[in-house]
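Number of protein chains: 2
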Amino acid sequence: MGELVGNLLVAQSGGPTAVINASVAGVVQEAGKHGCIEEIYAGLNGILGILNEELIDLNDEKARAIEGLKYTPGPAFGTCRYKINFAKNPELAAKDMDRLFQVFEAHSIRYFFYAGGNDSQDTSNRIHAEAVKRNYEIRVIGVPKTIDNDLPHTDHCPGYGSAIKYCATTVMEIGLDVGGMATDDGSCCIVEVMGRSAGWIAAGAVLAKRNPQDAPHIILMPEIAFNEEAFLAKVKETVALNKFCIVVVGEGLKNAQGEELGADKSRVDSFGHAVLSGAADRLAELVQGKLNTKTRTVKLGYAQRAAAHFASLTDAQEAAQCGEAAVKAAIDGRSGFMVKLVRTSSSPYKVTTGLQDLNDIANVENFIPRDWISEDGFLPNEKFVEYARPLIEGEVRPPTEGGLPKYVILEKSKVEKILSPRS
Amino acid sequence: MGELVGNLLVAQSGGPTAVINASVAGVVQEAGKHGCIEEIYAGLNGILGILNEELIDLNDEKARAIEGLKYTPGPAFGTCRYKINFAKNPELAAKDMDRLFQVFEAHSIRYFFYAGGNDSQDTSNRIHAEAVKRNYEIRVIGVPKTIDNDLPHTDHCPGYGSAIKYCATTVMEIGLDVGGMATDDGSCCIVEVMGRSAGWIAAGAVLAKRNPQDAPHIILMPEIAFNEEAFLAKVKETVALNKFCIVVVGEGLKNAQGEELGADKSRVDSFGHAVLSGAADRLAELVQGKLNTKTRTVKLGYAQRAAAHFASLTDAQEAAQCGEAAVKAAIDGRSGFMVKLVRTSSSPYKVTTGLQDLNDIANVENFIPRDWISEDGFLPNEKFVEYARPLIEGEVRPPTEGGLPKYVILEKSKVEKILSPRS
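Those protein sequence lines, which keep their order, are chains A and B.
The working numbering numbers the first residue of the first sequence as 1 and each following residue consecutively.
The working numbering numbers the first residue of the second sequence as 1 and each following residue consecutively.
Be aware that a few hints might be false.
Treat identical chains as interchangeable: a pair holds within one or across any two.
Simulated crosslink set (DSSO-like; lysine-lysine; CA at most 30 Å straight-line) [to be verified]:
#, residue 1, residue 2
1, K243, K406
2, K243, K254
3, K133, K88
4, K290, K88
5, K417, K95
6, K383, K254
Simulated from the structure, these hints should not be mistaken for laboratory data.
So here's chain A without its partners, still in its complex pose (with noise of 0.2 Å):
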């Protein structure tokens, strides 16, 4: 395998992490020790901005920018839900196909790199094989990113360490305050955390029980159908014990039919998937309704994937470190794959990364072990708690400027168009 002299073009897709920016920058660091890459762009807004033909020029960043975006959330130079979707459209999907083809061809680029979670290896892996069949010599490495930690085959995602981080140092600030403020009339409090189908950043949550009786007591996750009976006898078990009870939720929790409880069907998004809001409030309307019990709720939404202020520097760190291994595997002449971290050790903790075939990638999902949750199902045991505590340790400190976060801007100059629009 010959050097492969060209551009690279590194670019972000689906929902954001804590330090979906970070793997960027082990991209562009890792990229900048080798000469066969000449000039390093970043699509604007995913796969769609580059179909626009929108690409960033990084060689125009400042070194101290790029080292910047080790702790800045949110997708620094966008991400998109855009697929080239050839199940649903398959002749938008040809166009598209030979319009990022041209783009790619335009400005010589040679090293792609995708940042993203289930859906964006998939897009990655019809571009590999769309350039084998083109006979295009470009080579096409998925970065992992997600917070959901659902890919298969790597140990963890990275996004996920920060996110259960942001939510177990959350539950066990929430429950110092509920715990505190408890009283014999008995309180719950159910916060609702991301988690579609798989419940693992439900689960995280359960690092900030330190003692039998702190919170989280509960934990529902879309792995275990919602029994309401088993449910109502815990949180009232909880509170007898307790004074208050703590249940963290998994927006995607679903009954034995199979149906989410917070699910709102008259809403979908451009994936075709449910919007789903309310776990927490349908839970609280039944306890408060059949126990009783003064039941209030937090939803953190967003806020759990960008809370990079108190991010895990164990996440950052491999995040960068998976985005220098995608170049490392490029200029090694792979394509066609998705880097994955590989636990050599678990005490003490360590971690490699590898490669694995983005066939094996593309839309599978990753879940929870049955042994890994209790027996009655309300909280992840020790092996879930071995497995997650190494994923958050230490911590990102960004620098702050009149006490907030002093989180980089770039200056994303654009590189000049060469196509007509896209029609």
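Put chain B on the given structure of chain A with help from the hints.
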């Protein structure tokens, strides 16, 4: 005024803050300097625990633990919402008062400090008046504490700075997340924060705004009557300009008829206040329904008053200072006052403590002045920013263990009961 020898009792009341325990640390550390103060007790769960003669011996706590209270959120000794309510139930109130003074007498309590908001300052005031009436020598000083920042006569309230530091940080991070995902479709995120009648917390989120296009774009404060038409026009304009719009709303937002957007009139708390929920959800329905703009909500709830992991150092220091000032005032022979913060200079920011007669405080609410809010009512202006900015300066950095804050756990050794149980 001669030296008053006896024991000290400190208690916490109402909704906690991230720095509520810093005030107790201030009380305890200052009390340790004065020989006339013998035992140092805390009441468990505020006035409610005192009525039940549940006292904690603070001299049994390690000095390190007392110092650790300065970064530990939640009420370390518990709070309550119980009120000695002469208006509602004069008979019970009179009985409670008798019991309270029995407890004071039985334990030689000569110094009483109560950290709380409006309701709690009222309680302190009644206890002071009762002591005068009974000719029982005790010095009662209120310590200000509320994230709501609605106590009058004090420049601001301990707890507020940390609440808005957290809310502004969160809104900044959400802005980076949502802004980074914004494509031509446009999107909106509505963040609901606390504040039943005053919009101080909502207003504080404006500190996240460093440039005109930054989040938050709209802040809805309960002080300004909600105008649906103007609001929707503003969201539409903002989305057209930025492709996204971040709205912050105080939970108690009202329309021109004074009706709360989020009130569920079927639920009231033990003070008879309507339980508010869903201002953000109501607004999201509006934006989604009338503008057809994708809208998500975040409800920070209890998290915003407990987020010690990123508390304001200025706030924590001032909270401790208020506790110290309370003891100094009592030693000086004062009773029936609340400690207040007095801003002696704006640039550089300088604050000292003063005293205000509790008669001037109880049940008076302090609102954002109208001329601190923009003409259209959608954002606080420079006057507010000048006021609020210094309050979030500096970071409390609690120690961490295993990637999570290591908050203090107290011994809480109970003082032996002397009285027969409360009937």
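Right, here's what the structure says about each hint:
Taking the closest pair of Cα atoms, K243 and K406 come within 30 Å of each other only across two copies (23 Å); inside a single copy the shortest separation is 41 Å, beyond that limit. In this assembly of identical chains, K243 and K254 lie within 30 Å of each other by CA distance solely inside one copy; the values are 28 Å within and 33 Å between copies. For the homomeric pair K133 and K88, the shortest alpha-carbon distance inside one copy (21 Å) is at most 30 Å, but the shortest distance between copies (81 Å) is not. For a Cα distance limit of 30 Å, the shortest separation of K290 from K88 across copies, 28 Å, qualifies, whereas the shortest one inside one copy, 44 Å, does not.
In this homomeric assembly, K417 and K95 come within 30 Å of each other (Cα to Cα) only inside a single copy, at 19 Å, whereas the closest approach across copies is 82 Å. Taking CA atoms no more than 30 Å apart as the test, K383 paired with K254 passes inside one copy only; the shortest distance there is 24 Å, against 49 Å between copies.
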